[in-house]
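Enquirer: Spelled out, the chains give:
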Amino acid sequence: MDGKHGKETLIKMTKYQIPNMTSGMDEVLVDTARTIPSFIPMFLAFIWGVIFIGGGLAQKRRTGYMDIPMWATVASFATCMFAAPMMFTSGEMMIQGTTIAILLSITGLSGLWLILKNVFGR
Amino acid sequence: MGFMKLLGALMLAGFFMFSLITFFVDFANENSVAVDIEGNDNLRSAQTALASNWTGVESESAGASTIYANMTMESGDETTTRGTLWKSLTAPLKATKNIFNIATVSLFGGQQEDSGGLDPKNIGLTLLGAFLLIATIAYGWKAWKGNPD
Numbered sequence: 001m002d003g004k005h006g007k008e009t010l011i012k013m014t015k016y017q018i019p020n021m022t023s024g025m026d027e028v029l030v031d032t033a034r035t036i037p038s039f040i041p042m043f044l045a046f047i048w049g050v051i052f053i054g055g056g057l058a059q060k061r062r063t064g065y066m067d068i069p070m071w072a073t074v075a076s077f078a079t080c081m082f083a084a085p086m087m088f089t090s091g092e093m094m095i096q097g098t099t100i101a102i103l104l105s106i107t108g109l110s111g112l113w114l115i116l117k118n119v120f121g122r
Numbered sequence: 001m002g003f004m005k006l007l008g009a010l011m012l013a014g015f016f017m018f019s020l021i022t023f024f025v026d027f028a029n030e031n032s033v034a035v036d037i038e039g040n041d042n043l044r045s046a047q048t049a050l051a052s053n054w055t056g057v058e059s060e061s062a063g064a065s066t067i068y069a070n071m072t073m074e075s076g077d078e079t080t081t082r083g084t085l086w087k088s089l090t091a092p093l094k095a096t097k098n099i100f101n102i103a104t105v106s107l108f109g110g111q112q113e114d115s116g117g118l119d120p121k122n123i124g125l126t127l128l129g130a131f132l133l134i135a136t137i138a139y140g141w142k143a144w145k146g147n148p149d
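Chains A and B, in that order, are what the protein sequence lines are.
If you're matching positions, the first sequence starts at 1 in the numbering used here and goes up one per residue.
If you're matching positions, the second sequence starts at 1 in the numbering used here and goes up one per residue.
Please note that a few of the clues may not be correct.
To be verified - From the structure, some residues in chain B lie toward chain A, with a derived Cβ separation under 8 Å:
no. : residue
1   : M4
2   : L6
3   : D36
4   : A51
5   : S52
6   : L93
7   : K97
Said to hold, decoys possible - Straight-line distance between alpha carbons at most 27 Å, and here's what the computed DSS-like set of lysine-lysine pairs gives:
no. : chain 1 : residue 1 : chain 2 : residue 2
8   : B       : K142      : A       : K60
9   : B       : K97       : B       : K145
10  : B       : K145      : B       : K94
11  : B       : K5        : B       : K94
12  : B       : K87       : B       : K145
13  : B       : K94       : B       : K142
14  : B       : K87       : B       : K5
15  : B       : K145      : B       : K5
16  : B       : K87       : A       : K60
17  : B       : K97       : A       : K60
18  : B       : K5        : B       : K97
19  : B       : K142      : B       : K5
20  : A       : K60       : B       : K94
21  : B       : K142      : B       : K87
22  : A       : K117      : B       : K5
23  : B       : K97       : B       : K87
24  : A       : K117      : A       : K60
25  : A       : K117      : B       : K87
In case anyone wonders, no lab produced these hints; they're calculated from the structure.
Glycine residues also receive a C-beta, built at the ideal position from the N, C-alpha and C atoms.
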């Protein structure tokens, strides 16, 4: 509009359609993932973080000790269970095979950490 | 005994990773999902490698029991002076290495073949793996010698 101040050269944020909220939570997830591909990995990271921090801090409040490998394993496992049904959608994919591989690697490493900690730490 | 705990722990860790990958692959197959899990080479090769580790555990424990059965001792001998019996049980360690392999490839992008050396992204994981390896060796040594602490 205002050529003098060069406003046309500004990089604008991508606009997207508001997902159809009336057709259920799954449609919202699919619509958003279609528009923003990084939404699902961030969503999974959010689930992981909530379980890890929430569970760990709750344990720390009660026992004064936070079992980090255990909560990492629990959070990874729960995130895996969230990720599995996301493979169902046909058409535009919600989740990629690479994301599953990363998730499985983190779960495996957490499990190894938990098991080795229980061997070395006692 | 520490050695038995370590051996069992590494075997359980390998089995955990194997069953996790198998669960996801079978889940994808049975429900004919859109995501091609079997097309992911990293997961597929890790599953195959871990499965062969299990065959390795079986044959190696059979070999160890053969060594044990054929072992002769004079009166007054130390029982496991040389530890020959346990030297052949390497499959749990290989399973651990395979877990680190898939993590390296999936999380850190793997080693670059053309660079000819260690990728800077892998140094952290390599350090962790090296520490675990050294600690494992030291722990196994401690289990029957009792030297390092």
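Enquirer: Indicate, hint by hint, whether the structure satisfies it.
Expert: Consistency of the hints with the structure:
| no. | hint | result |
| --- | --- | --- |
| 1 | M4 | 10 Å, violated |
| 2 | L6 | 5 Å, holds |
| 3 | D36 | 6 Å, holds |
| 4 | A51 | 15 Å, violated |
| 5 | S52 | 17 Å, violated |
| 6 | L93 | 12 Å, violated |
| 7 | K97 | 11 Å, violated |
| 8 | B:K142 with A:K60 | 33 Å, violated |
| 9 | B:K97 with B:K145 | 25 Å, holds |
| 10 | B:K145 with B:K94 | 23 Å, holds |
| 11 | B:K5 with B:K94 | 17 Å, holds |
| 12 | B:K87 with B:K145 | 14 Å, holds |
| 13 | B:K94 with B:K142 | 20 Å, holds |
| 14 | B:K87 with B:K5 | 16 Å, holds |
| 15 | B:K145 with B:K5 | 16 Å, holds |
| 16 | B:K87 with A:K60 | 41 Å, violated |
| 17 | B:K97 with A:K60 | 33 Å, violated |
| 18 | B:K5 with B:K97 | 18 Å, holds |
| 19 | B:K142 with B:K5 | 13 Å, holds |
| 20 | A:K60 with B:K94 | 35 Å, violated |
| 21 | B:K142 with B:K87 | 14 Å, holds |
| 22 | A:K117 with B:K5 | 11 Å, holds |
| 23 | B:K97 with B:K87 | 17 Å, holds |
| 24 | A:K117 with A:K60 | 18 Å, holds |
| 25 | A:K117 with B:K87 | 24 Å, holds |
Figure legend: structure checked against the earlier numbered hints; hints not met, in rising order: 1, 4, 5, 6, 7, 8, 16, 17 and 20.
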